[in-house]
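S.K.: Starting from the given sequences, assemble the full structure and let the hints guide the process.
For the protein sequence lines, the chains are A and B, in the order given. FYI, the numbering for the first sequence is 1 to 185, going by full-length UniProt numbering. FYI, the numbering for the second sequence is 1 to 185, going by full-length UniProt numbering.
Since the hints were made in silico from the structure, they are not lab data. A couple of the hints might just be wrong.
One copy or two, it doesn't matter: identical chains are merged, so the pair holds either way.
Here are the simulated EDC-like cross-link-like pairs (lysine to aspartate or glutamate), alpha carbons at most 20 Å apart as the crow flies [unchecked claim]:
| # | residue 1 | residue 2 |
| --- | --- | --- |
| 1 | K22 | D94 |
| 2 | K22 | D50 |
| 3 | K22 | E76 |
| 4 | K87 | E29 |
| 5 | K152 | D8 |
| 6 | K87 | D160 |
There are 2 protein chains.
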Amino acid sequence: MSFEYLIDPEKGPQWQGVLPGKPVPYVLERGEGEHAMLFGDLFTVLLSGDETQNQFGIIVSDSPAGDVIPTHSHNETHETFFVLDGKVRLFFEDAEGARQSRLLTPGDFGYVPAGFAHAYQIVEDARMMGTLSGGFERFFQHMGQPTDHPTKDQPPFIPDFPRMQAAAQQHNMQFMRDFEWPEQA
Amino acid sequence: MSFEYLIDPEKGPQWQGVLPGKPVPYVLERGEGEHAMLFGDLFTVLLSGDETQNQFGIIVSDSPAGDVIPTHSHNETHETFFVLDGKVRLFFEDAEGARQSRLLTPGDFGYVPAGFAHAYQIVEDARMMGTLSGGFERFFQHMGQPTDHPTKDQPPFIPDFPRMQAAAQQHNMQFMRDFEWPEQA
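M.R.: In structure tokens:
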């Protein structure tokens, strides 16, 4: 069994420096980027606010089918959900405050701007691309665990509650307990 | 032969209003969005600066294989190139001013921030997603021709020179004639 996904604590992640950290051109091959595990999901940062004058960041997620993630909202972050592979159910409060859900399949696109409660469920193993207001892209490595292994086929990382709270506070978001979504359409 | 891609000039494009025009949640199915033809390429806006407080916009392009597009740079626009299908060669000036080219295949990602000369060539019919600084996403319908038909299989639209100039000026970009790229790596 290989443990190349474990990071040498002396050196930090091998992906350090793969993003330039300033607005200059670069290319990443599929699988390159800043990797972090959060629960059973691999999140990879392809672009950060450091390269875009904080306009936007881009992530790719690789996720196993599972339960609905905790409902939350962002005070300042706009967020997109573009399905590359698999099936994802997006739950969101609409402009009238009604609670909606939509099943997204490859090529479908969802948008949730700042201030709207939302959640999602990976219905079939899925790969998504997300564009986020600049800075939020690193939430996943703050709540999760940086890793060098570029697939989700590695041990999950389960954050403890203080780590979850700290990451949510740092990134200006709220989890909303006891938030019920209607039966799936 | 069907002409459903022609827009009724009395009514304007059927896609009008498919984007909400303000920061509220919404979902688009694959093929939905604001369509425009520019040369033989279909550009579809999935998200505009109107929904993101001008932070970013998102387009999908469907393009036939062809020549290198004209080299250009944007004064204010950061731009990404994420290949969904096909093969695209991205040409760009790097941070040291050297002229680079990279062949991108599905899952590969390129970034060109404001101020850097770049071009691309569709090497094999390709579908790309691009995130752009907010506002630039509508360049393609300003230089191109809005259409209701959601595929590139329709007559090309060849803008005349004044239309090209007006769109470039409106979107704060320069075309760079006689810009040579090195032999392909």
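S.K.: Are the hints correct? Go through all of them and say.
M.R.: Against the structure, the hints come out as follows:
Taking CA atoms no more than 20 Å apart as the test, K22 paired with D94 passes between copies only; the shortest distance there is 12 Å, against 36 Å inside one copy. In this homomeric assembly, K22 and D50 come within 20 Å of each other (Cα to Cα) only inside a single copy, at 5 Å, whereas the closest approach across copies is 26 Å. Only between protomers do K22 and E76 lie at most 20 Å apart by alpha-carbon distance; the minimum there is 15 Å, versus 22 Å within a single protomer. For the homomeric pair K87 and E29, the shortest alpha-carbon distance between copies (13 Å) is at most 20 Å, but the shortest distance inside one copy (24 Å) is not.
With identical chains, the CA atoms of K152 and D8 are at most 20 Å apart within one copy only, with a shortest distance of 19 Å there and 49 Å across copies. Taking the shortest alpha-carbon separations for K87 and D160, neither the intra-copy value of 28 Å nor the inter-copy value of 43 Å comes in at or below 20 Å.
In this structure, only the earlier hint numbered 6 is contradicted, and the remaining ones agree with it.
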